[in-house]
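**Q** The residues making up each chain are set out below.
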Amino acid sequence: MTAIEIDGMTKRFGDVTAVRELSLEVEEGEVFGFLGPNGAGKSTTINVLLDFVRPTEGEVRVLGHDAHDESVAVRERIGVLPEGFSVYDRLTGRQHLEFAIESKAASDDPDALLERVGLSGDGDRKAGGYSKGMAQRLVLGMALVGDPDLLILDEPSTGLDPNGARQMRDIVREEAARGATVFFSSHILGQVEAVCDRVGIMRNGELVAEDSIEGLREATSADTVLRVTVGEVPEGALAAVRGIEGVGEVTHSGDSLRVSCDSDAKTTVLSTLEERGVDVRDFETEEASLEDLFMAYTTDGREVEA
Amino acid sequence: MTWQAVARKDFRDAVRSKWLWALSFLFVGIFSLPTILLFYLEMGTAPPQGETGTSDAFIYLMKQGTSVLVPLIAIVVAYASITQERESGSLKLLLSLPHSREDVVFGKVLGRAGVLTLPIVIGFVVAGVLILLTSLEFQPANFALFALLTVLLGLVFVGLSVGISAAASTGRRAMVAVTGIFIWFVVLWNSFANQTVNALNKYVGLSTQGEIQTTLFLKLLNPTQAYKTLIDAFLMDSALQSRIFMFSFFRRQGAAQALGDSLPVFLSDPFVVAYLLAWLFVPVAVGYRIFDSADL
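Those sequence lines, one after another, are chains D and P.
Each residue of the first sequence is one higher than the one before, starting from 1 at the first, in the numbering used here.
Each residue of the second sequence is one higher than the one before, starting from 1001 at the first, in the numbering used here.
Hints were generated in silico from the structure; no laboratory data involved.
Owing to the predicted nature of the structure, the values given are computational and were not obtained by experimental measurement.
Virtual Cβ for every residue (Gly too), placed ideally from N, Cα, C.
Among these hints, one or two may not hold up.
Short, incomplete list of chain D residues facing chain P, as computed with Cβ under 10 Å [claimed, not checked]:
#1 F52
#2 G79
#3 L81
#4 V87
Throw the hints in and build the complete structure from the sequences for me.
**A** Okay, structure coming up:
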């Protein structure tokens, strides 16, 4: 079954189109990373899944239920870490969890949940005194109540320190191992790379790419960046490098040359430079990070069909 | 349906607020002050024979105050019930759980009603005990009816305020709306009623009886006046008398003549209760519909 089905969804707020004709499917059991810069339409999409806002056009189904008409049925089976929430200042962490357990008619143990999200010992404090990271952990704990079939996490690592972010990833992996589908948004790529099966990239309200991480890498023209420190660059040298098979973008500034290319074209690039009389003083290679892909997708407007 | 969980959570949250305890002290203070005063004045002196009053005297004295204070406090307790959660973002937490927006609105009405009712009941219990200590003859039935109507008045204004809170997109708008409505009910209503009748007189033409009945009907639509006349009705043991008392001293004779021996059904007690309850249900229903269709 499909966990999330979005078909031709458009959301306009007055004159502003937040999301334009978005179609997206997330299969059951997948860990799906929803990427994009702030304002790309990620949170609006998630808010539609949760029925916080209603789409202007299109159909949205979550776990087989209509996201608006059957929203309560949807929310009985999902766990949510929303974006821009605040906790109830006067209630303790434990009372928050108890409220979630009662609301979902679940039978979880609040202490076990507190421990799982790293809040054991803080459960009897009022949540109003929690730091941003602690509040984030608490709400993640609420999201885990009742072993949901689908976890929707909107920017889950906001406010977390590196250790907290790692724990968050561990929990995502554990939940996926249990069989849950995980849909989370982020503008921080390291996390997505580490846990996702597939990613979708949003830009200006449109989905510009949707693929596995490996697929995304292959889809771009280059997956290695060669940085060469050079002396004089004679005329024609750059053109010769650009002509090599497997070489993508070549940029030159000062004594630095940046060449995107296939891994196996690296030696050819270096030998060609030397043949053309370029003084190669130093070089280093780096594998293209998701960051590069991200930049490529969100600024160049290149589109990849999934 | 999970509104019970929402109501319980809301009440639990509010019970930890210092507000609730301040309110309880306020009600206890206000309700017990007159009796404490009387008790103090009577200390050491035997009650004058044959002149002992009843607890009804206490009700006459108190109802002017409660008719203004209870709505005011209900408004303070409830007007931000939904806008505050909406503005802070805790509403997202609430609606991430399997609660419908209907559950949220009803749960809030119930939770805030509890927050208001608890201190009112405490205030009445304390006042009742104190009355027993004075020479006033305790009339339990009337006292209980007074308490019941006061709780009902509180519920009406909680419903009205939660309805406005559900409909408003910001706390500021909700505050402007409830303040406006409060002033309208407490200060401007009678002149609104009189001017409406004058205008009707001018353009349609009303008989004296029609004029009195229309004025009375408009006055009864005001929940605070409905509350007071219902109290008067059981204290005076006559709905007709209590309705006549809604007019100023100089108009009472004319009103009595125009109304004759009996009240038309739409001015009778059950209808007054219905008008009062409408202020509870209609704003909640309208507020819910607006809230239900809103993008959060």
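**Q** Does each hint hold? Answer for all of them.
**A** Status of each hint after checking the structure:
{"no.": "1", "hint": "F52", "result": "holds, 5 Å"}
{"no.": "2", "hint": "G79", "result": "holds, 8 Å"}
{"no.": "3", "hint": "L81", "result": "holds, 8 Å"}
{"no.": "4", "hint": "V87", "result": "holds, 7 Å"}
Checked against the numbered hints given earlier, the structure satisfies every one of them.
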